[in-house]
Every structure is written in C-alpha cells, then in structure tokens.
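In the working numbering, the protein residues as written are 181 to 376.
Simulated from the structure, these hints should not be mistaken for lab results.
One or more of the hints may lead you astray.
Unchecked claim - Each computed EDC-like pair below joins lysine to aspartate or glutamate, with the alpha-carbon atoms no more than 16 Å apart:
{"id": "1", "residue 1": "Lys221", "residue 2": "Glu262"}
{"id": "2", "residue 1": "Lys226", "residue 2": "Glu262"}
{"id": "3", "residue 1": "Lys351", "residue 2": "Glu285"}
{"id": "4", "residue 1": "Lys226", "residue 2": "Asp205"}
{"id": "5", "residue 1": "Lys351", "residue 2": "Asp324"}
{"id": "6", "residue 1": "Lys226", "residue 2": "Glu244"}
{"id": "7", "residue 1": "Lys343", "residue 2": "Asp324"}
{"id": "8", "residue 1": "Lys221", "residue 2": "Glu244"}
{"id": "9", "residue 1": "Lys226", "residue 2": "Asp214"}
Claimed, not checked - Estimated spans, in silico, between C-beta atoms of each pair:
{"id": "10", "residue 1": "Asp294", "residue 2": "Ala375", "range": "27 to 35 Å"}
{"id": "11", "residue 1": "Glu338", "residue 2": "Gly362", "range": "15 to 23 Å"}
{"id": "12", "residue 1": "Val195", "residue 2": "Asn237", "range": "15 to 23 Å"}
{"id": "13", "residue 1": "Arg312", "residue 2": "Glu352", "range": "20 to 28 Å"}
{"id": "14", "residue 1": "Ser234", "residue 2": "Gln187", "range": "12 to 20 Å"}
{"id": "15", "residue 1": "Leu318", "residue 2": "Arg341", "range": "29 to 37 Å"}
{"id": "16", "residue 1": "Glu352", "residue 2": "Val195", "range": "43 to 51 Å"}
{"id": "17", "residue 1": "Pro223", "residue 2": "Pro254", "range": "23 to 31 Å"}
{"id": "18", "residue 1": "Gln215", "residue 2": "Glu338", "range": "39 to 47 Å"}
{"id": "19", "residue 1": "Ala206", "residue 2": "Ser329", "range": "22 to 30 Å"}
{"id": "20", "residue 1": "Gly350", "residue 2": "Ala375", "range": "43 to 51 Å"}
{"id": "21", "residue 1": "Gln340", "residue 2": "Leu184", "range": "25 to 33 Å"}
{"id": "22", "residue 1": "Gln255", "residue 2": "Ser329", "range": "47 to 55 Å"}
{"id": "23", "residue 1": "Gln215", "residue 2": "Gln289", "range": "13 to 21 Å"}
No experiment lies behind these values; they were computed from the predicted model shown.
From the three backbone atoms N, C-alpha and C, an ideal C-beta is built for every residue, glycine too.
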Amino acid sequence: MDELVKQALAKWPNVPHCYGWLGLDARGHWRMRDQQAQLQKLPGDKIAHAALLSFINRNYAQDERGCWFFQNGPQRVYVNLEATPYVARSDPQHGFVLQTGAPLEQIAQAYWCDNGALLLRQGDIVAQVDDRDMAQVLPALRIDGRQASDDALLAWLEEQRGKLTVLHAGKEIAVQPLAYAGVAQTFGFQQAPQAG
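Can you make the complete structure from the sequences, with help from the hints?
Here it is as structure tokens:
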C-alpha cells in the first residue's frame, strides 16, 4: 500500500466505504461504474489513465469478508468482480501476468470450469485466464502426458477421463473440474460486496 494512503487512513480513519462504483471485468480491465451503469447493471467505462491504473493496482487488497477493494486514500472502494479477484494473461517471459502487472510465476492449483474458463491459484491469488489468451494456453494442456486435442478436452469436460494437467515453468499441475457457478464460494470471495 502506498505511504500516502497509509497517512490518509491515519488522518481520516472513519471515511465511509464506497460500493458498486468500481469493477474488474473478466479480461482484467478496471471499470468505473457511475450511477447509471449501476442502475442498468452495465459494466461501466474502462479506466485508461495509466497513473490511476497503477495506483489502483498498488492499493488492491481484500478484507476479512473476502471482499476485494481499492484503498483510495482514506476511502475503501469495494470492487465488483465479473469473474475472479485476479485475471491472468499469458506472457512469454513469466508464463502468466496478473492484471496488476505482477507475474504469476508459481501455480499451486488449476481448475477447468464447465463454462470453459481456466482458473489458476497460488496462495491468496485466484485468477481466471483471460479468454483471449486461451489459444496460447491450449498447447500447455496435457491429458495423460500427451498434448490435449480439442476433442479430448471436450471429452474430459464431460466425463473427466484421464489426467488433465497444465504445463507451467517446467512442471505439470493437475487440473481439477469445477462448476463455474460455485467459484466465488469455493475460493471465499464476494463478487458484489455490500455494506455489512
């Protein structure tokens, strides 16, 4: 967390939290959700200002309820998550990079969801792979040690025949099936935080 943010928190400890105004979409874009976007359940406008994006990324955290937020000076701005708290993009140097710019160099667990989403987990980080990057990820998928064809992947999704793994940093990580509807509950985060 930025030092200026820590100072603002100390100076103004009781600033009310903000809900619904910031979102993270499934492709890792931060979105500003004004009142109209909230009322119409729209994703909101993509934030493009480089300094603001950097500030959000440096001050992004979760609370004890599993709600993710951006600490904006003394105000905690809770984030509506379209998918997971992080979104991973393929990267030739690191394998995967999160929307915050941090590399995801280690993967402890991987999950293939019934909607085709690939989730990666390392510690507190749960990241859905950006759907636009799945073409780069598919060659790293193996079923029983052999590169998985499209047909073999579809059969695995339906019947879980064979052992599905993803090759990352020279290691094969077992891929487990997961119902997408249960992702937030499985990993203990809230997609649309509300005032408690």
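Results of checking the hints against the structure:
{"no.": "1", "hint": "Lys221 - Glu262", "in the structure": "holds, 12 Å"}
{"no.": "2", "hint": "Lys226 - Glu262", "in the structure": "holds, 13 Å"}
{"no.": "3", "hint": "Lys351 - Glu285", "in the structure": "holds, 11 Å"}
{"no.": "4", "hint": "Lys226 - Asp205", "in the structure": "holds, 9 Å"}
{"no.": "5", "hint": "Lys351 - Asp324", "in the structure": "holds, 14 Å"}
{"no.": "6", "hint": "Lys226 - Glu244", "in the structure": "violated, 28 Å"}
{"no.": "7", "hint": "Lys343 - Asp324", "in the structure": "holds, 5 Å"}
{"no.": "8", "hint": "Lys221 - Glu244", "in the structure": "violated, 26 Å"}
{"no.": "9", "hint": "Lys226 - Asp214", "in the structure": "holds, 12 Å"}
{"no.": "10", "hint": "Asp294 - Ala375: 27 to 35 Å", "in the structure": "holds, 32 Å"}
{"no.": "11", "hint": "Glu338 - Gly362: 15 to 23 Å", "in the structure": "holds, 18 Å"}
{"no.": "12", "hint": "Val195 - Asn237: 15 to 23 Å", "in the structure": "holds, 21 Å"}
{"no.": "13", "hint": "Arg312 - Glu352: 20 to 28 Å", "in the structure": "holds, 24 Å"}
{"no.": "14", "hint": "Ser234 - Gln187: 12 to 20 Å", "in the structure": "holds, 19 Å"}
{"no.": "15", "hint": "Leu318 - Arg341: 29 to 37 Å", "in the structure": "violated, 18 Å"}
{"no.": "16", "hint": "Glu352 - Val195: 43 to 51 Å", "in the structure": "holds, 47 Å"}
{"no.": "17", "hint": "Pro223 - Pro254: 23 to 31 Å", "in the structure": "holds, 27 Å"}
{"no.": "18", "hint": "Gln215 - Glu338: 39 to 47 Å", "in the structure": "holds, 44 Å"}
{"no.": "19", "hint": "Ala206 - Ser329: 22 to 30 Å", "in the structure": "holds, 26 Å"}
{"no.": "20", "hint": "Gly350 - Ala375: 43 to 51 Å", "in the structure": "holds, 46 Å"}
{"no.": "21", "hint": "Gln340 - Leu184: 25 to 33 Å", "in the structure": "violated, 50 Å"}
{"no.": "22", "hint": "Gln255 - Ser329: 47 to 55 Å", "in the structure": "holds, 50 Å"}
{"no.": "23", "hint": "Gln215 - Gln289: 13 to 21 Å", "in the structure": "violated, 39 Å"}
Checked against the numbered hints above, the structure violates hints 6, 8, 15, 21 and 23; every other hint is satisfied.
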